[in-house]
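Enquirer: Sequences and hints are given; from them, build the entire structure.
Respectively, the protein sequence lines represent chains A and B.
Its first residue numbered 2, the first sequence is counted upward by one per residue in my numbering.
Its first residue numbered 29, the second sequence is counted upward by one per residue in my numbering.
For the record, the hints were derived by calculation from the structure and aren't laboratory data.
Glycine included, every Cβ here is placed at the ideal spot set by N, Cα and C.
Take the hints with a grain of salt, since some may be wrong.
A partial selection of chain B residues facing chain A, derived with a Cβ cut-off under 7 Å [to be verified]:
#1 S136
#2 S146
#3 L150
#4 G156
#5 H165
#6 A169
#7 S199
#8 Y362
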Amino acid sequence: MAERNMIEAVHDAIQEEMRRDPSIIIMGEDVGEGGVFRATEGLQKEFGEDRVMDTPLAEAAIVGVALGASLNGIRPIAEIQFADFIHPAFDQIVSEVARLHYRSNGTWTCPVTIRTPYGAGIHGGPYHSQSIEAFYAHVPGLKVVCVATPYDAKGLLKSAIRDPNPVMVLEHKKAYRLFKQEIPEDDYTIPIGVAEVRREGTDISLITYGMMTHHSLKAAEAIEKEDGTSVEVIDLRSVKPWDKERVLESVKKTGKVLVVYEDNITGGFGAEVSATIAEEGFDYLDAPIMRVASPDVPIAPYAGVLEEYILPNPEKIAEGIRKLAAY
Amino acid sequence: MARGRVVTSEKIDTVGLSEDQLLDIYYKMKLGRAMGERQRLLQRMGKGSITYSCEGHEGVQVGMAAAMTPGKDWLFPYYRDTAFVLALGMSPRDVLMSFFARGGDINSGGKNMPSHFSSVPLRIVSEGAPVATQVPHAVGAALAAKIRGLDEVAVTTFGDGGSSPGDVHESMNFAGVHKCPVIFLCEFNYFAISVASRKQMAVENVAIRAAGYGFPGVTVDGNDVLAMYRAAKEAVERARAGEGATFIEAKTYRLVPHSSDDDDKRYRTAEALEAATKNEPIARFAETLRKLGALDDSKDEEITARVKSEVDDATEWAETEPNPTPEEALRHVYVEEK
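Expert: Below, the structure is given as structure tokens:
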């Protein structure tokens, strides 16, 4: 076991995979020098400029070139420096990467991993804070992973790299250096699409992912002490595919659901979770499905007080739990 | 291609092509033309929803294909490239299976629109419809070849309208920086559906843009298949030698509407079309071949008959092939586990 924070775990996953498979390259802006978050620290020295490739500052090309390379014996990891800057590549991801296999009737495959830091809470302003998972969870052909712990980051990034399908790995940047965790030094992977029950409980099922997992655990612990309400916290870890079975199993036990996500409330991924539970778990429910999410304003304003005002935090989540428990 | 005697002439430079090779190019140009005509006819008969065809572009496409090694070099085409894919070895049957959207269509199994070509063994990569999104893919395949030390070349095509999207500029810049063995082939036909090229760009020759990305750009008469072949051959040689990218702008003319849904009378005159038709590449090449003594009436008729027979066979065969089963609509979203 080794003690690692999340960015170190990401680094280790890339390094170990590149040592394992010489066809893997990582390409993006500033990756050669180690990257703005240091995910590729020292890798260019070990693997050379072809395998740790600095690209021009052009996101559509980063993704499009990665796709082309993946057809010719290379397994690229395309790094987008911030999720907020992925939008110029939306067409390449949605029209090309996600559709190539389908539109060629299964004859071409593009095993591209697209990894990018996302999420707010670091005073990043409106362009270093966005949550983008709902855009891509909507798209058939993609897999979308949201990680916020060192253990998950390493195991899921390795799975993404090895997956024959295109996978987007969204790494919550506030979690990069939030805490260290003992993780195996040996090779391990975590299957994409399997949720993790972070905390067992009997009264309420709290469904979340990303940084909100940590906030939700704090809220659940506080509430249990103060009110005695027992909250089960489920971290989806992947939003496409997502672990519907595990969620419904929990709802069957508790009868009450709080969905927590950092993104804007309208059309956020939690809306899909809520709709599915309403459709398939209605008989188990004793209360309306409730949500805690950001209001519909651009995430996130820069000033600390403004950012804190809009983002969900342990206090707002606790309030949501109380409201639901009282129902 | 079989190597026969090398045709020589005082005035005509055949770029080292043998008579057999020249006649093969001519046959492929005629096949591309006939396949376009047949699909437009079938669409008019109500046998397909839409067609995009290549009439007028045969010199550009077959000239480029003749400089490539099929199955080794890569093509990231656009929907105009019927003659191109046929010249690389796709069969007329395969093209018409796509037109009829049959289950056994190798291009897409009926999932993509007609003329959105794909063949894994021929390294013709499936294309989307957003204009020029295929261009960075060619750079990627070329980059991979370079990293792996392979002397493969990637070719990508787009029209004059297709020279505008950002993907093309990002791709050219990437290819310039990383010296990728890629050829950007602009099939310049003066129209992006209805918009004239002068409203697409403020320059006469788009190839000059290559200089800004650090590699050569050449403008050729795309209706002269031998000139096209010469430019293509030089670009391929450059790429194989590790010298990087080339931009080829091939000036040609689209002799038919953009698609079967387009009415080109709204945006161009009959006179302009007539003038362009006089300069079309197949008749021009036939004249060249006759001057070289490689073609006479009987040889020409023989080639025409061969083309017709192949197109007829493909039509009959593809028309009676089964549709995909409806449930196929749900397959191949993700790689199926074996």
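Enquirer: Honestly, which of those hints from before does the structure not fit?
Expert: Structure breaks hint 3 only.
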